[in-house]
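With the hints as constraints, model all of the structure from the sequences given.
2 protein chains.
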Amino acid sequence: MARNREKKPQRPKALPPKGFRDYFGAEVAQRNDMLNAITSVYHRYGFDALESSGVETVEALGKFLPDVDRPNEGVFAWQDEDDTWMALRYDLTAPLARVYAQNRNDLPTPYRRYATGPVWRNEKPGPGRYRQFYQCDADTVGTASMAADAEICSLLSDTLETVGIPRGDYIVRVNNRKVLNGLLETLGLAGEGATVSSDDILRTVDKYDKVGEEGVRQLLTTGRTDASGAEIDGVGLTLEQANIVLKILLSKGANNVETIANLRDAIAGSDEGGKGVDELEEIANLCAAQGYGEDRIVIDPSVVRGLGYYTGPVYEAELTFEILDEKGRKRQFGSVAGGGRYDDLVKRFTGQAVPATGVSIGVDRLLAALREKGRIDAQSKGPVVVTVMDRDRMGDYQAMVSELRNAGIRAEVYLGNPKNFGNQLKYADKRESPVAVIEGGDEKERGVVQIKDLALGARLSAEIETTEEWKAQPAQMEIKRGDLVDEVRKMIARAEGAV
Amino acid sequence: MARNREKKPQRPKALPPKGFRDYFGAEVAQRNDMLNAITSVYHRYGFDALESSGVETVEALGKFLPDVDRPNEGVFAWQDEDDTWMALRYDLTAPLARVYAQNRNDLPTPYRRYATGPVWRNEKPGPGRYRQFYQCDADTVGTASMAADAEICSLLSDTLETVGIPRGDYIVRVNNRKVLNGLLETLGLAGEGATVSSDDILRTVDKYDKVGEEGVRQLLTTGRTDASGAEIDGVGLTLEQANIVLKILLSKGANNVETIANLRDAIAGSDEGGKGVDELEEIANLCAAQGYGEDRIVIDPSVVRGLGYYTGPVYEAELTFEILDEKGRKRQFGSVAGGGRYDDLVKRFTGQAVPATGVSIGVDRLLAALREKGRIDAQSKGPVVVTVMDRDRMGDYQAMVSELRNAGIRAEVYLGNPKNFGNQLKYADKRESPVAVIEGGDEKERGVVQIKDLALGARLSAEIETTEEWKAQPAQMEIKRGDLVDEVRKMIARAEGAV
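Protein sequences, first through last, are from chains A and B. Numbering-wise (full-length UniProt numbering), the first sequence opens with residue 1 and increments by one. Numbering-wise (full-length UniProt numbering), the second sequence opens with residue 1 and increments by one.
Warning: the hint list may mix true and false statements.
Each pair may be met inside one copy or between any two copies, as identical chains are not told apart.
Listed next, the in silico EDC-like pairs over lysine to aspartate or glutamate satisfying Cα-Cα at most 16 Å (straight line) [claimed, not checked]: (1) K124 x D83; (2) K247 x D206; (3) K419 x D390; (4) K207 x D233; (5) K444 x E478.
Simulated from the structure, these hints should not be mistaken for lab results. Note that this is a predicted model, so its numbers are computed, not measured.
And the structure:
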């Protein structure tokens, strides 16, 4: 056995690394189309493209990984020949901070930029969780104006509608970190001397969607037993403190005016909290002035956003239509984009605080949503396949293909072994080809070709019931060689109309 | 001093890693437009998109790096948590071989695929040489037919014309590795028992453009003293052998028929060489049948292509117009794409040889060529800038911007500190803004706004000579608030017409 194994030639495994995957055909084209649609909105809003490299120095990336539980992990890193540590970017915001710090004297201020591309996370892969995925971001650097935040919210709204999410099927929800943080400071629960971690409080509040009001109350105080029977430790607030936190969380009223009044009542005299509510009110007014009603952008005090670096307004775009989850239960599709204001990222490089705000769209989740809504033509358009009846006349077939392509019709000649004609039709089938072109020696002599409607051929027995229909829609027809382009175009149009 | 240094806070350097760079605004958009144009041609030819991840296992990538002098180096690699070595892909062909081997039972055969994206090389960076750059490839896997190679050549020709290289400004040159390799084998200069390296011979022949016929003769035999006085070793052929090799290299005739006749004469009875010439003749005939004349695709025995893994036809797209190099000397722009047939890449995984052929376009070089030819609008179109005269009326200004954007006009409100109006116009200038919109309290009361043609304002003193012209083309005008969209659109159109 051992000797046998040694003899075996060692072949590499034909697999991507763990947690990586490939995308084929229509998947790639659909994502590309969606990214083009998104960036066209970003561009119309005055944002300029930036493409930084996939690789950054580890020191430039810093320790701002979204997963705050493991701030030092999560990146793919290695050492350059001169011992500098390099890493693949884990998001598009950290590179923006580096680029802005590097070019701040040449870039306009404020600097509106968009970026799109893959990011990498060195995390444990799971079902649907990959270690490389796309982001598509828009950020405004260099202004503290709430108008920048309001603009990001309207940008998000316009973008979702442009890619095909109808109004009413999404909502952009806005909150402000200062509200809860200010309250916690006033209560002595954050800042110096705090006995509990305000991160823990935020994380607990973020579970509201899952565990509800009473669940959050338990988790904020003494703990809770979850559905599986496991004991989960509480954060350690008193019941009174927990109720004050929950009052913020439950401030959402029937409209923005009511919500803002509730918040003012709930912040318990905190200056910072009051500032946060003022900012929310300003954003609400700016959105209204631009014609974005509360059916599109709404103040919602239950929005948290996990990312540690946000310092002011935070926003989240949620898709509100229902889908069936893997267990067949109805649930809302959920979040497809999020962002907020982060005022300290550039400071790491320059020592000066530079206010900034921005949003990141989860490209793959948004694509999944569009497929769910039937807004993406999931079917790829296969090419016309010119079959090869006579191997020596490849030039004739190539000429046909050229004519079709020059007329803008996607077309290819069969390049496999032409011996078995059935294999050629099977190939055309696999390619989802609408039309096959056939020219044997006999046809060549008579100056004709056969064209075959492959989609119709497949549907014939299922749909066509009378002989008249059959005659009216022949799956295969003989045409003059000179009419190839016109007749193929007609057949494709007929096939598309029939679908 | 030392104590002082210790006190200084350690800030990260705001720089990308050595050999990496950022791309801004129009550069990104232009590349994106060009990639979309290229892939639309690939798609029309029946090629399907494939996007594999940027990361592969080192064992899957193999040792096929183009730089044959250092086959083991040149990649950025690191170990995964389970000790698997991973690396950034160095081209798009090695991942294709892995993907095809992995999915060969599900993919159509032959499999035409295109791919585009960044690749990474761990090489010493230099001026204009970056360690991340774009490639855009088309390959056909699973067919030995020369029709696949001819198709790649016509694809290349169509692609160049589609992106804006006019016919006559480029040439696709085709050769076949079998010709020279076959000859070398017949001469005992390749294969088992050869005393010289056939790679060295290929590399020397590849210098023909630089050193000319006599230079290649010297380098193939005893060596040569270059312009700087340095002695360069010869490969060690006899003069007779060198002349036989040179005869191949110089076989190009007045047309393909003559070239092929010359080659048949030059291969000195080599079977393999004869096969190579047959293949070239077949490609020439297929291209002619498709209407691609020798002004677009031509047989040229001097094409070598450095890559070690080519086994048959090789091709290269060269731009033939002249540019001035950095020293002000005229030279041809040179190669922008290349490829060929490689039959052994998939075999590494499966043990079975899978014939394949394909091409890679050097995206950044082609972009440079288009800029050189003035085929790309190098100027970016800046947004309309709505200035802020009254900080408290941000909602009014945001509403204007919304109207403009909804009408498809790129527009933004000034988000910096509005105190100094001069700074707002400087900002608009930096943004290459065509039009600034101004609405002070007085205008607001009267229901009007001022719009300012910024390009015209900048040109006024230089171009406009009479007062009549000045009056006919005022750089700033007062319009009704309700006419904002129409009047801005007119002003932009006028500005574009005037350029």
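> Is the C-alpha distance from K207 to D233 at most 16 Å within one copy, between copies, in both cases, or in neither?
Replying inline: within (14 Å within a copy, 73 Å between copies)
>> Reference check for the pair K444 and E478, CA-CA at most 16 Å: within, between, both, or neither?
In response: within (12 Å within a copy, 71 Å between copies)
> How would you label the pair K247, D206 (within, between, both, or neither) given a Cα cut-off of 16 Å?
Replying inline: Within one copy, since 14 Å is at most 16 Å while 77 Å is not.
> Which holds for K124 with D83 at a C-alpha limit of 16 Å: within a copy, between copies, both or neither?
Replying inline: Classified as between: cross-chain Cα gap 14 Å, same-chain 27 Å, threshold 16 Å.
> What label fits K419 with D390 when the C-alpha limit is 16 Å: within, between, both, or neither?
Replying inline: Within. Shortest intra-copy distance 9 Å satisfies the 16 Å Cα cut-off; inter-copy 79 Å does not.
In summary, the structure agrees with every hint in the numbered list given earlier.
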